Structure formats: C-alpha cells, structure tokens
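*Asks:* Generate coordinates for the entire structure from the input sequences, incorporating the hints supplied.
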Amino acid sequence: MKKDLIYLVYYLILQLKRKGSYNTLFSGRAKEVGVISTILIIAISYGLFFYQQNVTEENVRNGLFVEQRNRQIGSTEAMAQHIGSDLSLVASILQGLADSTYLQQGELYGDRVDKLMRERFDQINNITRVDGLFIADGDDIITYNIVTEGHRSFVNIDISFTDYVQETKNTLRPVFSEGFEGIDGIYRIAITFPIIDRENGQYIGMVGVQIPTIDFFARYGNVYSIESLYLASLDRNAVHLIHPEKSFIGVSFFDNHTQALTGHNKFLNNLIRTVMSGKSGSAIYEFKNVERLTTGYPVLIEGKPEYFVFTINPTSYIYARVNEVLFTERLKMFSLVAGSTAAVVVLILLLIKWNNILDRQVKRRTKELEESYENLKAHNKMQKEFINIAAHELRTPIQPIISSSDVLLSKIKDSKHHELLEIVSRNANRLRRLAEDILDVSKIESHNLLLHKEQFNINDIIENIVQGYQNQIQGQNKDKSDTEILFASKEDVIWVEADKGRLIQVISNLLDNSLKFTKSKKGGGGKITVTSERKDNQVTVSVKDTGTGIDPEIFPKLFSRFASKSFSGTGLGLFISKSIIEEHGGKIWAQNNPDGGGATFSFAILSSKQQPNPDRSGETEG
Amino acid sequence: MKKKRILLVDDESDITAALSMALVEYGFEVDSYNDPLAALSNFKPSYYDLVILDIKMPVMNGFELLREIKKVDESVKVCFLTALSEFRNYMPHISEVWSTLDENYIIRKPIGNKDLLRDITRIINSC
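Chains as they are written, first to last, in the numbering used here: chain A, 1 to 622; chain B, 1001 to 1127.
If you're looking for bench data, these hints aren't it; they were derived computationally from the structure.
What you were told as hints is all true, and nothing was included just to trick you.
Below 16 Å or equal to it, Euclidean Cα-Cα: the simulated EDC-like pairs (lysine to aspartate or glutamate) are: (1) A:304 x A:178; (2) A:500 x B:1103; (3) A:443 x B:1086; (4) B:1056 x A:393; (5) A:453 x B:1103; (6) A:453 x B:1102; (7) A:411 x B:1025.
Fair warning: this is a prediction, and the values are worked out from it, not measured in the lab.
*Replies:* In structure tokens:
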C-alpha cells in the first residue's frame, strides 16, 4: 500500500509539472510549502487510513475467527445429534424386532424370522450401513444372522466373550458398544437390544447390529461437508473409533502411544475430558507443527453420552477462509479509496486547468487594461501638451493687441473712443491672465511648478502690491468703487526664502479676489485689510475684506479648479495660489468673518531667521 | 540727450510694428526686423543700446542670432522677449551665449508697454 501511496503522490506532482501550472498554482516559497503540505496531508491521511484499516481488519479477523469456530462447534453439535438420532433409530428398530411375536416366542431362526429380519436389515441400512444383523440366544450363541456380501456368517458361534453381550445380559438394556476389532481387522461398534419375555421378564436372547466405525462416521463427515476437516470419534473409554491418524484407531486417547504423539497436549487433553463429561468444547493447539482448532460434542442417546465426535481443523484453513472474506472486504474498501482518490485527482486537475484558464484570462485582461491605461496616459499627456502649447501660442497674438492699445490709449483723448480702447486693453489683459493661469495649472498638474527661491522681506512685496492697488484705485476712482486697502504689520521686516514672483502672484490673487467681492457688494465702498504676522518660525499673511463673504455652496471647493462664481477672472487663481503655497510647504485657508461681513483669506509659510546674504542673487530652483 | 537705440527682432510683424510704435512713443530709436538673417546682415556694431530678440524664430533662433551678433559686437546689451516659459529645448544654444540661464534678461510676452519700458530701462542701466 505504501508503494501505491508513493506512486499517487508522484503522479500528482508529475501532473502538476506537466500541466505547467506548478508555477501558477504556487509561487516561490509558497510553491514548496504547498507541495510539501499537500504530500504531507495525503501521506498522513493515508497513514491514518491504513492504520485504522489494520486495526479494523484485526478486529474483523478476530471476529471472523470466532465466527468460524462457532460454526465449527455448531456443525460438530449437529453431527453429534444426527449420529445420536440415527443410533436411536437403529436401536428402536432392534427393539421392534425384540418385541416381535416370533422372537418373543423364542423363534430365533427359520424362514419367518428370516423374512422379518431381512425387512428390518434393509430398513437399518437405509439409516446407516451395517455389516450384519444378528440374533443370539440366551447362551450367547448366534442363531441367525444376515451379513453383507463378502462377510462370513457367524451362525452357531459363541459370542459370550464380548463385553457388549455381557453388558446386554447384565443390564437388560440396549447397549451402544465400545469399539472392537473384528477378526477381519475392521473396527466396529455394536448396538444390541435384549429380547425379554413380556410375560415373565425372562431373558430370551438379543438382537444386534455391527457397524464399521470408519464407514459409519465418515458418512456424517460427508453429510456435513467438512471437506478438508478431519473427523475423530471416541467411545466411552476414550478409544478412537475413527481418526485420521490410523495408528490411533482402537487405542485410547489417554494411552501412552497417543499421548506421546500428541505431546501430552494440555489443551487437547482438557478438551477431551470436557467433552467426555458430556459438554461441548473447543481447543486450539499444535499437533505435528500445525496449529489446529478442534471442536468436540458428545453423542447423546436418551441423555446419556455414548460416543464423542470431534472435528479437527488446521487453523490455516480457517485463516484462509477469514482472509478470503477480508480480501473481499478490502477490495471493496480499496476500490472506494481508489475511486475517491481518482475523483480528487480529477478535481485537482480540473481546478488546475480552470486556474490556468483564469490565469490566462487575468493576464490578457491585465494586458488590455495596461494598454488602455498607457493609451490614456499618452492621450492625457498629449492633451496637457496641447493645452501647454495652446496657452503659449495664445500669448504671442496678445502682445501686439496690448502694445497697440496702450499706445492708442495715450494718443486718443476722445472719451468715447478712449472707453472703447480701455475695453480692448482690459480684455487683452484678461486674456493674458487667462493664458498665464492655464499655463500655471498645466505646470501644477504635470508637477512642473518650479520655484526660484530667494531671501526677501515679505512686507516689502506686500507693501508694493498694496501700493500698486491703491494707485490703481485712485487712478480710476470714479465714485462708488472707493474700496480702501490697508496694510498693517507688527514688524517692519519678516524674512522669507521663497519664490518672489510666485508669492506676488498669490497675494495679488487674494487681493483681486477680495476686491472683486468687496466691489460687487451693493452700496460699494468697503475695506480690505492685509496683515502679516510672524509667530515662531512661521509667517501668516491674511487678506480680510468686508465683501459679500464666501457662498456656502462654493466653500467646499473654494481652492479647487473651476470654483469660480466671479464676474471676471479665470476662477483658477485660488487653485494656483493653493498649489504655490503648498509647493512652499505652507498652507492656505479661508473663512467668513465671524462678525458677519466679508471673508478672510490667509496663507502661512516658513519664515527664515537669517538676514539674507546681499551678494546672493538667489536664483535657486526648488 | 541722445536717443537710445534699440534693435528689435521678432518674426511676427504685428509685434515688431506695435512695439516699435510704443518704444518710439517712449523716445527710443528703433530698428526692427522680422527675419533674423536680415537683422544680422544689417547689424551695426557698437550702435545699439539694447538688442531685443524673440527666441522662437524660423531659420535662426534668438540664441543663435545672439551668438552671431556677439561675434561682431561682444559688449552689446541683449534681452529676450518671448512667450516661452521654459527653455529646455534651447539649452545647447543658451550654453553657447550664457554660462547659466539668466531670467533677468528674459521678458515674458505678453507685456504691457509700461512694464516693458520699466524692464528695458533696468537692463539698459545695468552694468
């Protein structure tokens, strides 16, 4: 079985390898662990199975053996009963003869007797084969007999020397004799029945039969198809009537000769004693180097043990039968196991195949996805490039518009045309801002926003920007848009290391934004306060206005792209500002003023502690 | 006071026309060309106070033109007026005329006339 197991595991691994799914099923270390644990699981389960099978088989074997032994005891008993009843039957026929009118009248021979005797002889022979039927007179002389062919007549012969005759005469009862050897060397038993005068109870003689023991008992052996089994039979003196060992016949079991040959076997001796005491028995013992199971049963006639029959059986024969049964059972079990294993193997192979198909499918899909992802990426890149180029190209034609309108603005004083020119100029500038913002967004999205850091006083640039806005407002001051812009800082100088241009862009964006919403507030006017404050190593710049405040709908996406709800501008300003501040490692935020009017936009970046080196022009990219 | 002389080279004739007019309004003398080769062949050494060049031009880009101009007038002050925002593609040409890219001499298009005046005045007055 171990061999089968090894083949099975080997076959499994071979299949796995051959299918090439060894790698897809397991990978790397997991592969080894998987294979080893699979083999271990199979080996352990088979080991357990075979162990269990052995235990079970041992139990079954013992059970079967007991069953076989009981069967043997049963058949021995049946045989003993059969023999007993046959012998009783013979005895009853003899009784019939003894009670017959002729014999009762002392007519112990003659034609009438002969006729009767022949009838009965045939009846008896129908029960069992007997050598002869005889009548003896009161002096133990045979007066009549019928013998089978080839046997000589015993008429006129005195048989008083035989034990059974004496016993019959003494007991006046039917006798089932011990074994005796005839002058022809054949071993026999005799059954006799006394002829007793019904009137006066006087002994007249006897009728009897002589039965050759070997033929007699062998017949039952055939009836009970004991086949390879041996039959032995003992009389009341433990003398062998039939025995496979011919030298035992006519010899007592307890004779020295027999005991020497059986090796004074304790088990066998006990068995014989048990059976001879009238009980059934069985024993396993060794005789002539062969283990045997012998079962014995007394032949009871009217409750009295007259003979004893034994069935002797080499245990190898029983074991052969047991093994035969076991083999059939084992075959069934192994077919079941082999079937299950085959089913599991098929299942595994199917799983592997399925896994392969799935694997190929996944690979194909993954490849498709990768391809479409690459396409998308390329497409995206192309689009970004296109936007980049478009924004660049947009800048060139704006230049002559701005330049021309600037020149014309200074030339044309006619207010109506001047106004038109201002529209041209304002929109050209708006277009310029739009192109710049789109370019910035495209840089941000391709993570290409490069900072040119330098050290400078952030208050300086705020001052300049605020000044610029103030000038602008004063310059175009008509009536209502007189928004006031103020700058206040607790400190004169706050050093930062940052991209000056980009910070100007952020502050301008915030101011533009505030201005837009402050101006758009009904009633006009309003105030924008710019503050800068250093705390620890951080500078916070805030732009607080008294405008309309931030629309709650817009608030969540305030710093995202396309958040614009403005009247002019690209709507990209806050997004760009946020990106610039974050690129500086800072943060930007907004809130509506708690007092109810307007909003405050703030950003915070790191301040630098040292004063900048004046020699340093600070053109670092970062 | 002698009028400052400016050479303006840009392949867009609308740009040279508008800018020339603006610069003349601010009191400059302006020579403008749309063809860099024509600008080079008519170049007058030690004559201009400032040369303003476009970068992206057909036949010869701004840096190549500057290289050629420097061959005949090494000390002339030069700035670029461009719509480009990055010069990765021009690095080999830039390295022929500058040791490093100097943003101070690059003016971005589009630019308002006042801002342009401020920038070119700064460059002319630089040492």
